[in-house]
Structures are given as C-alpha cells and as structure tokens.
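Novice: Keeping their order, the protein sequence lines are chains S and A.
Using the numbering used here, you'd call the opening residue of the first sequence number 1 and step up by one each time.
Using the numbering used here, you'd call the opening residue of the second sequence number 1001 and step up by one each time.
Rather than coming from a laboratory, the hints here were simulated on the basis of the structure.
In this text, a Cβ means the ideal position worked out from N, Cα and C, and glycines have one as well.
A few chain A residues that face chain S, going by a derived Cβ cut-off under 8 angstroms, partial list only: (1) Met1401; (2) Leu1433; (3) Pro1518; (4) Thr1546; (5) Phe1548.
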Amino acid sequence: MAKKSLFTGEIVKTAILGSFVRLNPASLWRNPVMLIVFVVSSIVTVQMFYLAVTGQSFGFELQISIWLWFTVLFANFAEALAEGRGNAQAQSLRTNRSNTIANKIEHDGSIKTVSATTLKKDDIVIVSEGEIIPSDGDIVHGVALIDESAITGESAPVVRESGGDRCGVTGGTRVLSGKLEIRITAGQGETFIDHMISMVEGAKRMKTPNEIALEILLIALTSVFLCVTVTLPVFSNFFGTQIPVVILASLLVCLMPTTIGGLLPAIGIAGMDRLLSRNVIALSGRAVEASGDVDVVLLDKTGTITLGNRQAVELIPVDGVDERHLFRCALLSSLADDTPEGRSILSLSKEKLGIKGRDIKAPELATFVPYTAENRMSGIDVEGRKIRKGAFDAIEQFVHSLGGSIPNKARIAVDSIAKNGGTPLVVSEGPDVIGVVNLKDILKENIGHRLSQLRKLGIVSVMITGDNPLTAAAIAAEAGIDDFIAQARPETKLASIKKYQEDGHLVAMIGDGTNDAPALAQADVGVAMNAGTQSAREAANMVDLDSNPSKLLDIVETGKQILITRGALTTFSIANDVAKYFAIIPAIFAATFPELGILNIMHLATPHSAILSSVIFNAIIIPTLIPLALKGISYKAMTAQKMLLVNIFVFGLGGLLLPFVSIKLIDMIVVALGLV
Amino acid sequence: MIAGELMVVALIIFATIACAYPFGIYMAKVFGGEKTFMSKVMRPVENFFYKFAGIKENDKQNWKQYLKSFVLFFGLGFVILFAILSVQKWLPMNPSGFGNIRWDTGLNIATSFCTNTNWQSVSFEASLTPFSQMIGIAVQNFVSAAAGLAVGVALVRGFARKNTDKIGNFWVDLTRGVLYVLVPISLVVAIFLVWQGVPQTLGNTIQATTIQGQSQTIITGPVASQVSIKMLGSNGGGYFNANGAHPFENPTPLSNAIQTMAILFIPMSLLFTFGKMIGDMKKAWSLFFVCIFLFVIGLSITMYAEMSPNPVLRNAGVASGLNMEGKEMRFGIPSSALWGQSTTVVSNGSVNGMHDSFMPLSGLVYIFNMITGEVIFGGVGVGLASLLLYSILAMFIAGLMIGKTPELLRKKLGVNEMVWACVGLLTPCIVVLILTAIGFVTPSALSSLSAKGSHGFSQLLYANTSMVGNNGSAFGGLAANTPFFNLTGSFAMLFGRFATVVSAIAVAGSLAKKNQSPANSTQIPMTSPAFVVMLLAVIIIVGALTFFPSLAIGPLLEHLKMAGM
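Isolated chain S, as found in the complex (with noise of 0.2 angstroms):
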C-alpha cells in the first residue's frame, strides 16, 4: 500500500467538519478533560455577551474566548484526523469487497448469484477464476493462486489449498487460477476489516486499561487545578484584589492538561492506523499495548528465523577428487532432483562451474533416478556411471552395496556439519564417495540484526523448531537467538507459554496453524498469519495481513510508541505549567502587588497581552503537536534509562523551556499587532 500523507485534502476537510460536529457535550464527554474547557469557554462567551450587550468593551473577553474554544475545536480536529486516517485506510480495504457477487450454494445444491454484503457465516460460495473472493472464509475445497495485493499490496501472488495450514482467504482479494469453494467465517460486519474499522473509530473504541489510568491522572491533575482556580478569588479577596471571571478561566485551561488530554484519543488512534498501514489488523487496542510489554517472543525457525529450505552452501572434497569434478558429479545427480534443496545445489554448482541454465542438458542415454522420500536419494546413471546424492546412511548403504566404503574424511565432515547446525548431504560416484555437499538453513536476511534489537529493546527470543537439539542449538547460536525449544511439538508451545508468563513475564508468539490456536489464545499477544487457519486466527488479537512472521517487531515497536508519546506529551503538558504560571500570576495582581511582578521574569507586555498570549500558547500547541500524536515518537532501541532520559530531557525540559519562549514571542505579536 503506497504510504500516505498524513494531511491528504478529503480527510483534512472531514476531519475540520467533524471537529464541530464533536463540540455536542454528548460526544465530548467521553474526554472529560476537554468537556471542562468546553465549559469554561461557554462562560466566557455568555459574559462576553453579556459585556457587548450592556455596552462595555469586550474585546479582550471576545479573544479569550476565540482560542477557548479553538483549544476544544484543536482537539477535536486531532481526533477526527486520526480516525478519518484510519477510516480511510480500512475503507479502501472494504471497497472492493462491497460491489462484490458471491456465487451462494444453496442447500438444495443449487448455486446462486447474491450479493457480497448479504453472505452469513457459515455460507459456501464458489470462486472461480479471475473473481473477486466476498468475504473472509476458509477453503473447504480446492486450491487457487490469489492475489492478495488489494490487502496486502504483496504483487506476488500466493497458494491457498484446502486443508493444512494455508486455508485462509480474506475477502476483496483475487483468485488468479484455480477454483475454490469456500466457507465463510465472517458475516457482514463480523469481518477483520469491520473489526478494524470499529478500532479506529472514537465513539466505538475501548479505552485501553492504560490509557484509563492516565486519563485518572488528568482528571486528579484537572480537579487540584480547578481548586486552585475556584479558591483563588476567594484568596485575593483578602488583599481586596478581585479576579475578573475572563482571567480565572483563562489560569484554569492554560494549567489543565489540555494538550495531552486533546491529543489523548488521536495518540491511541493513530497507533492502530500505524498498525494497519504496516498490514496488520489488531483486535483489541489492549493487545497493541501489551505488545510494547511483551518480553518474550515465540518464534518459529522456519519461515521466520531461516527461509523456508535449506540450501547447498558448500561441497566439501574427499582426497584426491577434483573439486570441478565434484561439482560436476553434484549437478548431474541434481538433475532429477525437484526438492528445493536438491536446486540448490544445482545452483551453486552451476555458479562454481561457471555456467548458465541454457548450457545444461541432460547426457544422451542417462537415466535418472528422482528423489523420493523413500530412497533418500536422486542421482544418474550414465555411461556406466551411478552417480549419486543424498542423505549419508542411504548413501552408505549404497556404496555398501557396490563393494565402497565411506572414507573417513567424508565421515568427518559429515558429522562436523550436523553439529554445526547444516544438513549433510554425500555424494557419489559408483562405490567412491567422492565428497559431501553442506545444507544449511539459510537465516532470513536481517535475522540477526533484528533479533538484537529485539534484544536491545529486553526481549528474549525463543526459537521453536522440530529439529534436534544440535542442530537447533547451532542455528540459534548463529542467528543470535537467546534460547530454544527443541523437538518441540504443538503442546510444547502452549506449555512454554504458560510457564513464562508464571514467571511473571508477557509472551507474543506468532502462529498460523490449527494446532498453534491453543497457543495463540493463551499468549498475551497472538499475531496469527492472515494465511493460517481460521481457528489460529480467532484465537489470536492481532492478524498479519502480509503473514509475514517478523512483523512482530513492527507491533511491538508500535505498542511502545502509543506508550511513549503518550508518557511524553504528558510530561510536556505539565512542565508547561510552570512558565503559564509565570505569565498569569504577575499578570493577576500587577495592579495590587507590584512586587510579585518579580514573577514576570519573560517581561511580558502588559497583564492582558500575559494572559492572551498564554491562552494562544496553550490553544496552538495541540494542532503543532497533531503530526507527533499521529505518526507517534519515533523510537529507537537503546536502553530503557538512557531512553528515559533522553524523553525527559526532551520533553520535560523542554517543556519547560518552550513555552517561555513561545509565550514572549507570542506577547510581542500580540502586542505589535495591537490585539490588546
């Protein structure tokens, strides 16, 4: 999917019209924070009315409460921004499906033409080729090739088949070849995209529980200010100072936490939009967060630490034979050999040999004898010669019967490569075992490097393989892997998990097969594979569109970033109560206590220029802050202290800082353009 601006024209006009249509009480209740400066600005105005209507000078009243109430129009706007971003985002994926037509079978067997929109769980439908597949389902019968670029922008297309792991298919996607009879397993409006979209869309989405404690803080935070503000007055009124209402309203919004509390419901938002905009549909914005937590990953070796086959990376010689000859004798007896380890080695020995793929042909008279599971191995016979290629027992066995033996030095490197993790393979030539070829499990490209931020980030990653200890403890080591479970088996997994997460800690995992759903429901966070199972998918919270396992790091990198933003826009917020107080207080009792005019340390204009500039200061930070809400803190890995650090140098001392600056510079406009 091409990466979208963040302020595209359509969504930005949405998103202002429906920053009005959120200033109803009703809807703004849900962020208490804003709901008060609501109020507060519907007082304001009321005795700006007031003023105007009995003929006294309003003009400083009529500005105040102007950015009054764009502080609530700003915030509001930000959450429009964020959900129209998400809507639009979710929207292009359920458009294709919506004009859909589904060919139903009926009970009776017959098959009938219906609409998409229409289909229920549990309906079959038929695909055939070049149509669009309706809704989201699992393939009961036949296997197809689709392309499911429209989901995940992926051009190559891939196999989906019934039964096994792979029976997924996700509606608005295409089916290239083949002809598919699904079961739907999502209603209208039970989809992933439906799911999704309710995510993203304010008056529908579950705060998180983190996010509900926060907003206690802000409440707290909002309550003591209102105190300060309501018991001022009466304080004043000892020194026989009286605070016009204009100004206590002005204190009150300039110190509640309106800029974290604005931006609050965009920041979660906007993280699920970031999420889907990385293909990955989350079902619970709980589960997002948790992922931030998480401090042990499951992973499975194939497919997510190595690719999915093992390849050929070396031939090893036995004495005295031609390394060429080797090469030569390796191709041959690959010939016939389709597994994918078996091109491999073809390839590699072209590339040593130094020739092209048309330059092959295949001896005249040769026969071939293919790789099957049962012989264990594939090789030529030609010109009298039994060359040969496969697992090292069958091999033995084979020069055996040819009066051979196998010569020490292969038998050295057989073993030395199974412990080091490869998959040995010998090659020979009648009785003469003429060397050994070195499978390995080829690491997925930037394995190693994203495992050690993983493990910058703390989170110790677990491979999961059926292989033997050995050789897993060979690949583990290689790719950086902290631990493994090997010979594991579909239990295993759910076993592993549950004892983690005793000792306290939170477990992600990545699956797609029907044996993994038990796993998947149990782990804290279960990204299932958009490819897996349905079963594996609703068991998990969060489903990869591009079933691609190392998107785990994505989310979890996303998770922290909610957090983090959220952490810092709060320390931001409150450090900026510190310089509006240095504006407002000398600005309140200027006229009784000339002295407190100490406090003005930003010798700010007049008192009306102070409170003016510190309300403006407070209002357009939300909207300067929108794109930091939405695309979220940038996030780097490095120690949890020095990022702390980092953070609160950033935003607490320069939240302290900013608004000094910000509020003179603002006060010398305000006063050169004569606003007061």
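Got chain S sorted already, so can you dock chain A onto it with the hints?
Specialist: Coordinates of chain A only, in the frame set by chain S:
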C-alpha cells in the same frame, strides 16, 4: 561560631543516618516476625497481648480486613480519648483542679492525637490533667504512631509479595510496633532526657518563690517520657504549649540534638526497613537520596533566610541583623532551622522556636514541606507510604516514556494504583485549598488571625497544611481554639490521615495480588538516576503547581515586601 554550629547540624544529620540504618534492618526483622535481641523480653508480653485480645498471630488479613481493623482501632482510641477529656475533672490525678474540656476542643484534640497530628489548640499544661496526658495523650502518642508504622509496612509488603491477597495482620503489626520499636527507644531517649534535666514526676506543680519574693507556680509532670515519644512517633504534641522551646522539655543543646535526631530517626530508618523487606538496600538508598536532597535544599534555604540580616531590623538600625526573633538563645539559628526543617518534613510538628517569627522564606519552605504530603522522610509509616505513592505516580509517567506498561518494584501499575495514588496525594491538596478558602469567607476565622495581608494569609494556609498533612506544628499567631478551627481542623486531620492510610492499604492489596515481573526485566530500576530525577520532579511539581499562587501571595510576597523590592 556559626561554622561550629553548622558542624553540629551536619553531625546531627550524620549521626541520625548512622543509627537509622541498623535500626531499619532491625524493624524489618520485627515486622517480618523474625527473632531479634528484644524477643526474649518482649515475646512473652506480645503473646500475652494476643491471648488477652483473642488475636491469632498467623491469621493474615486482606486489605479490606486490614483497613477495617485500622478503622476500628482508630475509632476505639478516639472514643476513649474524647471521653477522658470530657470528664477529666472527675477523674483521678487532677491536682490543679482543671475542668472538663469543651466538646469542640475535645473533638479536635482527640482527632488530633488519634491521627498522629498532635495539633494543639489549647495549652496542654494549663488545661489537661496528668491523667489525661498520661492515659489519654501518651497512649495515643504510642499507638497512633504504631498504627502508622503498620500502614507503611503493609504497603511495602504489597510490593514484596506476589499472587496473594494477604498483606499481614494489623493487630500483630500494631503490637510489634509498640513493643519492639517505640517502647524500647522512647525509654532510652527518656532516660537520656532525664539526665539532661527534663522533669519526670507525677506531681504537677512546684510552688517557687522568685528572687523578687513573689510566688510562682511552675508546672512540671511526666515530661521526659512524653517528650521522647512525641519526637520519635512524629507526634509533636508537647507537654507544654511552648513545646521544644520550653526549658523543661528541651533544656540543653544536647537534649536539643537528641530530640532533633529523634524526629528524623524512625522515618529515616523505615527507608532501610523498606530496602530490607524488598531485598534491595540500593533502592532504599535511592529513596533516601530523594529525601535527603529535598531536606538539605530546604534546610539551606531556611538557614540562608534566617542568617541573612533581617531587612526590617536593619532598617530599624539594629546592629546585628540576625533574625533571632522567635528563637531560643541557647540553640541559635542553625539548630533552630534544622529543627524547623525536620519537624515540618516529618509531620512531627513539635517546635523549638516560633515559626511565625521565622523569615517568610522559611515559612515558604515549611509550608512546601507539608504540602508535598509529608514525604521527605515523612510521618512514621505514612511518610514512607506517601513516598511510595509518589513513586507510583513518577514511575507511571516514566514507564510510559520508555514504552512499557509502567512497573514499580516489579509490579505493573494499573488503574487501581493510579486511582489510589491520586486520592492519597492530590485530594489532600484540594482539601487544604478549600478549607483555606472557607476560612477566608468566615468572619470568625478571620478574627483569629493576628496579622493582615500576606502574613495573615500564611497563618491560615500554614494551619490548614499542618492539619491536613497531619503535622501539627503551628505557625503561631493564630487563635485556634475556636469552634470553627476545632471543627474544620478535625475534618482536615481526619481527611489527611485517611486519604493516605486508605490509599496505602488499598494499593498494598492491589499490588500483593499481582505477579512479579521477571527480575531482569528492562524497566527503570528505582536505583537509576533517571528515576530519582523523575521522582524529585514529580514531588516538586505537584507541590509547586498546586500551591504556586498561594505561596506567591503568601510567604513570597511577604518576603518581597520585607526586602523592599
């Protein structure tokens, strides 16, 4: 001379630390039910109490039961003390023939001593009989402190335990707090004070003939025992109204030194108890650093303020500008400033000088010490509890900033912890502001003020922060024995006490239920400088943001006016 006095101040602080460390570890053993060197003596007494009261030592309580026991015990103590005060005229040991205490005053005193505040709205030596002082007041001096200890210990248990709803047994903690902690050390301190010349007698008065030949009634009584526990238990209510400035309570520089140590002793020790209980002394040192840092900053400001020439005196042509007003000559400025700083940070409330006469900046520091919720070492037990609640607040924001669900001492912080931390720390601030505002619109309250303008404002603000903070020290100059102050004060003290206690126990329950995160988890450890900075910032910012306007128009304005700026 001043340099020498400063040395004394430093010496007192270091001596306190040196004693607090081993004592903190001893307390951890006591509350953990381990054997100590006191067990031989106290174990039989302890067992007798359990048998007598029908307490099963091993019956652990969940937080609601623990809280219920706390409230029950508080209620009982309150009723008894209130009853004694109301009928003291007819009770034994009334040599001076004092009358019964008026109901609103009695209510205030009973609340005050049961909440470990020890705000004294009347002069005790002139209105309370020795019976009331010994059976009523002194008992609460012990048990209200021990109840506070129990609360602090319970909260630490919440952190130290996992997957349980039990946080200990209140009655056992209370008994151990009295028997193993308060009784032994107050005995030691009392004997020391008697040696220094503090009276300890059941006779109430001495008739003396002055050199002018006039007759004078000198009030004495069981002073030493009362004084030692009032210092140790963060009580602060003196036998005499003049408190630590009275020559019978505090006759010598040595008695002054030992009493200052006694103020800080248990609250400081508790930090090490905390370290021992959670099994990591480094964390105790990091909390200690936060406390001592704020302590020394405050102390430096007050010392600076008190030692600077008083502009008013200077302008009046007085040669020495040192602000000796309201201070005892025998203690001098540094020791008076140290006491003032100690007594306000520790919610003790005893005084050895008149805070009303201290410089405005000192007043500002003292009010600040109290509004932060008495966390700079803080009251016995509850100070530690408040400090941990602040840590929760600080760690919540810090934890977010590293992208994890916030965790403190391997416990995840959730909605529950947040609610109670806010209740425990922020609602008292709200109550201080509201009560102060109510005072300013109540004519009878205004007539109690002895000054106008900023100083009058500070008097009322100080009184309310002192009562809500369960400190009990008086700024002076406020005529507090009026129905208005007695009643609002009772409310303030109750609220301040229970906001902390309920929050601490509720958080303890909530934390104990949680599993512990793995020890090697990548969180901000309490020992990291980043956390220390964060905690300091949160404590200062919460106090400063809430009271910026009040402090500005109160002590700060007075200071500015005095300096002629």
